[in-house]
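Undergrad: Residue numbers (this note's numbering), protein chains in the order written: chain A, 1 to 511; chain B, 1001 to 1344.
Worth flagging that the hints you see were computed from the coordinates, not collected in a lab.
Distance condition first, Cα-Cα at most 27 Å in a straight line; then the derived DSS-like pairs of lysine-lysine: (1) B:Lys1181 x B:Lys1244; (2) A:Lys153 x B:Lys1118; (3) B:Lys1118 x A:Lys150; (4) A:Lys424 x A:Lys380; (5) A:Lys414 x A:Lys441; (6) A:Lys467 x A:Lys490.
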Amino acid sequence: MNRKKLFGDSGIILKRKWKYLTLQQKLTALFLLTAVIILIVNLYMFALINKMTGKVEEVYISNVSLNELSKALDQVQNSMEEYLNTKSSDAMEDYYRSEQVYHELVDRLNTQVTDNRMLLTEKNIRGLSGSYLELVAQAIQAKRGRNVEKYGKLYEDADMLYEEILTFIYGLNNAQFEDNSQNYQVLLRSLRYMELISVGVLLFVLLGNISLIIMSTRSVTRPLQQLARAADEVANGNFEIEKLPVWSMDEVGTVTNTFNEMVENIRNYIEQLRETLERENRLKERDLMVQSHLKDAQLKYLQAQINPHFLFNTLNAGVQLAMMEAADRTGQFLENVAEFFRYNVQKNDEDAALREEIHLVDNYVYILNVRFSGEILFSKDVDESLLNVRVPSMILQPLVENAFNYGIRNINWKGRIELSVYQKDREICISIWDNGAGMEKKRIEQVLSGHVKEQETTAGAGGIGIKNVMQRLQLYFHNQAGFRILSEGKNAGTEVLITVPAEQEEPSCIV
Amino acid sequence: MTGKKIILSAACLTGVLGSLLFFRQQFLELGRGKEASYETYEQHYVMITGETDSDFWNRIYESALEEGKKRGAYVEHFGEDLSVEYSRNELLRLAVQASVDGIIVPGDEDEETRELLKEAVEQGIPVINVLEDSTGSIRQCFVGNNGYNLGQDYGHQVLEILGEEGSKETDETAAGTTPVKVLVLVDDTQTDTNQNLILLGIRGTLENAGKSADEVLVQTCPVDNSRSFSSEESIRDIFLNLEKLPDILICLSAVHTRCAYQAAVDYNKVGNVQILGYYDSDVILEAVAKQILYSTIAPDTEQMGRLCVQALDEYVKTGYTNSYLAVDTRLIKTEEAERMVDGR
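Turn these sequences into a full structure, and let the hints steer you where they fit.
TA: Written out as structure tokens, the structure reads:
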């Protein structure tokens, strides 16, 4: 449990440290780590193989020691023979020395009873050597005692046993040589096998290292890939991406952080821009509302000023009075005035047939002629079949009023106004022409684009301006109506030409 | 680091460590010498066998070895690995000089053998005679066939053959022209009483059955065993000398049986000479199954080896053992030989 915790802690510390390394440090650490792993594995295997080579060298050591044994035995035998031959003290010394050496060597031989052939032979050699040394000692003793017969016999026995021990040593040597050769072969094979295994282990370690490198470099490149994808998204205009996670505090981490901030800033900027625009739009809307309310107020004011019923009743009373006083012209005038105002009041919000509009123009021109002593020469050229065409109300009268006020009112020659209604192709044309003051091209453009002061296009108090007429026409005919002002220039007269589609769609109800 | 990464890293690490451990394990396995694996025993017994007939002696040795291991003793096949081929007595002397704990050796009537046996016993090394006894020696025990019983078994076989042939050739035998010749091959190097007992058994059985020397003539033929390969030559000589060719040939050793059987085949005497064999090696069993040999008598080699070690061990531990342990024999005839050959 504690160990697990320890591993966990060190893992966390390592992770934290790794997080704060730069890219170069990370890559260097990675390559160092893999190189060190391979180096350690190599060293370890070299050490093992080296050990094995040492073993190969030791393979024949047992043969060497057996050879030593047989040499020592030879020396014992020779020194005994020498002593028996010469009885010299040198030979005696030799005998003691060689006997000592042989004894020591024999003492190293196995004493255990085992089922191992070679060890058992060692035991036999040990036993035989014991008997041999005893025989030799006895022979030497007999020689000292000059017991010729005895030492002769003992020498024969010892010599026989000597030969036999040599045979045993020879047999053991052979057996060991055979065994050692086998071991040698096995070791040689093993060495080759080890080479293969070491190559295999190295390959395996290499594979492990490669996967380690792949894994670690992926941790470096993955944030880069994410960053690239996110940048691509942003380039395509999508700012609504999620904030990129920051895995490490290296260069990529820094770039990712910066990128996140950049996207956030752009997003904020766009939001601010949108809010500003919205605010402006709201302000404009409010202005419009104010204007509209003002208009409404103006209208309400006018309406409040003139009670239409009172005005009609009053005008009718005037008509009756004129009739009673036989003032026919006054009566007709008052009747025209009454009709004019009734139409104004009734049709303010509705559409009307062209016939009604023309009738209103007739009323208006009559009133004007009474007011200005028949100065206006008004003529009509109307296609009768088009009298039922529906148009927005109050569009012709303001135009005629404009033609009078700005066209012919202040001219020195006889003013003329012509109203013509005709069909041309699939359009119905309504033309109001005057031979008055005319208009400059610039002025026409100003009027058509609406850049003229309100007062100038308004046909006096309660009148309706050109702009208003244009707007209502477009609304009523869904932008299919035409409104043109034609004039050759100053004092060349003016024609206002309205074109509406002959086959009318369902018109808008409210204009 | 995600769980997947941790698992991958752990797998890599484990792989590297695992392969290193594998490498080390392989190294240790290879470095371990063969001599390291051996067992130790308390007693060191040696078995000295004849130079010939290795199969027969091997079987006895294997059985002795196995029994010895059970009793905490290792039985060595003494002198087997040596480059010089020592005689049985030389090996016996060497075994005594090597101070082993016990000796199993086939005995003989040789005086030198008796001396060596005496020397061994005096040095406190118990000696067991196997198969052949060294009568008059002070060996601890003899493990082998009862010679007289063995002789009786051969005698019964001879009578059986005589019975079969008698029924076929009644006239000839009744006329008493020539007696049936029975030749017993004896080892001339072994002046062993066991062989005499066998002969006695054969003769006794025949006499008891009322077969006089006129009817059945039992002779011995000494086989020269002194040199290597000489026994084979001696046996071939019998087949070459037609006058000497017996009607029934009795072999008392596995080698003699094999030589006689091969000679009978080579000189086309199968059927003319009825051979009674000894031992149950594959070759001998096959020969019996093919009716080249009339029958064979096999000693229980497994029992022989086991009894030797038992006697030795008993003596070493208690200072006392039976002086004679009999080994069972088994008569194998054609049908049984066929069964055994098929079984193997």
